[in-house]
Amino acid sequence: MKPSTAALIGLIALACDPVHDEAVAALPGEAPGVPRGPTHRPGQPCLLCHAGQFSVAGTVFVDANDLAPAVGADVKLTDSQSHTFDATTNEAGNFFVRTGEFSPVYPMKVAVAYGGVTVKMTADVGRDGACASCHFDPPGPASPGHVYVPPDGVTP
Amino acid sequence: MKPARALAVIALAACGIALACSTPAPDARFVETVPDRSTFPAVADLLVHRCGTLDCHGSTARNMRLYGSIGLRLAPGDHPVSKGQTTAAEYDEDFASVVGLEPEVMSAVVASGGASPDRLTLIRKARGTEHHKGGALWSEGDPQDLCITSWLSGHTDEAGCVSATRSSF
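Which chain is which? The protein sequence lines are B and U, in order. Residue numbers are given in our numbering: position 36 of the first sequence equals residue 40, and the series is strictly consecutive. Residue numbers are given in our numbering: position 153 of the second sequence equals residue 150, and the series is strictly consecutive.
Errors might be hidden in some of the hints.
As the list claims (entries may be wrong) - Calculated pairs, DSSO-like style, for lysine-lysine (alpha carbon to alpha carbon, straight line, at most 30 Å):
(1) B:Lys80 with B:Lys113
(2) U:Lys122 with B:Lys113
(3) B:Lys80 with U:Lys130
(4) B:Lys124 with U:Lys122
(5) U:Lys130 with B:Lys124
(6) B:Lys124 with B:Lys80
(7) B:Lys113 with U:Lys130
(8) B:Lys124 with B:Lys113
Said to hold, decoys possible - Just a few of them, taken from the derived set where beta-carbon distance is under 7 Å, the chain U residues facing chain B:
(9) Thr50
(10) Leu51
(11) Pro77
Worth flagging that the hints you see were computed from the coordinates, not collected in a lab. The C-beta atom is built at its ideal place from N, Cα and C for all residues, glycine as well.
Work out the full structure, taking the sequences as your base and the hints as a guide.
As structure tokens, this is what we get:
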């Protein structure tokens, strides 16, 4: 088989990933009035669509029971090679790290500072840079719920 | 073809078909020789910490599923990283996950006192000597590696496991 043929088959296979397509289709979708861009789809697993573009991305909310965005929260990332990167959430609570800026060598530690309070994530991130892959609502055996910084710095 | 030769060919074919269609006896069972369950929690704590995050083996979609207080929870009312310890039932599930990966190989390793533990995929993947999506977690002889191999040898270094868990990233 010629290399060009193999490459073409590979591209077709990637473009026709039904698992990925179903996962994207299962997302809530765009909110009315919010244009596609840095503020869209808060709380959704960013890397599902932005893999390759972003290495780490997510959303920080103000409270366990409140989906208001934590604007200006500082997200500090530290990978297993002690490389660090600081990201700041925008008006939607979203933050994203472009792969060219920082591509962590997993595992990675995460700390979020907001309102004068800093919370360190108890577990490390093993391999998935999309916060919402694990942090989704409602909280349950497989998810601690959305990302937030409690005012007293203590998570339940 | 002479009748005798034809008969021999038919007999041989019949034997071949009979062998090809043979199945194990319905009551045949493989009894696995497993490592010590009582000292496993020290090993499990390391595995949960290093392998059992929600995006790795703490995912219900992945093999060698691991439950633990900082990852996937077994009880419907429990949440990850909530206060509390890994439960006995979760340790049971983790034990079943690990010893159930390769029962025959696990039996052979345990029966030989933990000799050549790299016969186990578990060991090779963690060391990175076999492709592992999560990469190489540690090298042979590292405290984390020694924790698991000591368990396989029947002499679990529980204190070493605790230390290895704390010193792991």
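How the hints compare with the structure:
Restraint check: the Cα-Cα separation between Lys80 (chain B) and Lys113 (chain B) comes to about 8 Å, which is no more than 30 Å; the hinted pair holds. Distance hint between Lys122 (chain U) and Lys113 (chain B) is fulfilled; the C-alpha atoms sit about 22 Å from each other, no more than 30 Å. Distance hint between Lys80 (chain B) and Lys130 (chain U) is fulfilled; the C-alpha atoms sit about 25 Å from each other, no more than 30 Å. This hinted pair checks out: Lys124 (chain B) and Lys122 (chain U) have alpha carbons roughly 29 Å apart, not beyond 30 Å.
A hinted pair counts as satisfied when its Cα atoms are at most 30 Å apart, and Lys130 (chain U) with Lys124 (chain B) qualifies at roughly 25 Å. For the given pair, Lys124 (chain B) sits about 9 Å from Lys80 (chain B) by alpha-carbon distance, which is consistent with the 30 Å threshold. Using a Cα cut-off of 30 Å, the hinted pair Lys113 (chain B) and Lys130 (chain U) holds, with the two alpha carbons roughly 19 Å apart. Proposed proximity of Lys124 (chain B) and Lys113 (chain B) is supported: the alpha carbons are some 8 Å apart, at most 30 Å.
The criterion of a C-beta within 7 Å of any C-beta in chain B is met by Thr50 (chain U), whose closest approach is roughly 4 Å, and the hint holds. Taken as an interface hint, Leu51 (chain U) checks out: its beta carbon lies about 4 Å from the nearest beta carbon of chain B, inside 7 Å. The criterion of a C-beta within 7 Å of any C-beta in chain B is met by Pro77 (chain U), whose closest approach is roughly 5 Å, and the hint holds.
Comparing the model with each numbered hint stated earlier shows that all of them hold.
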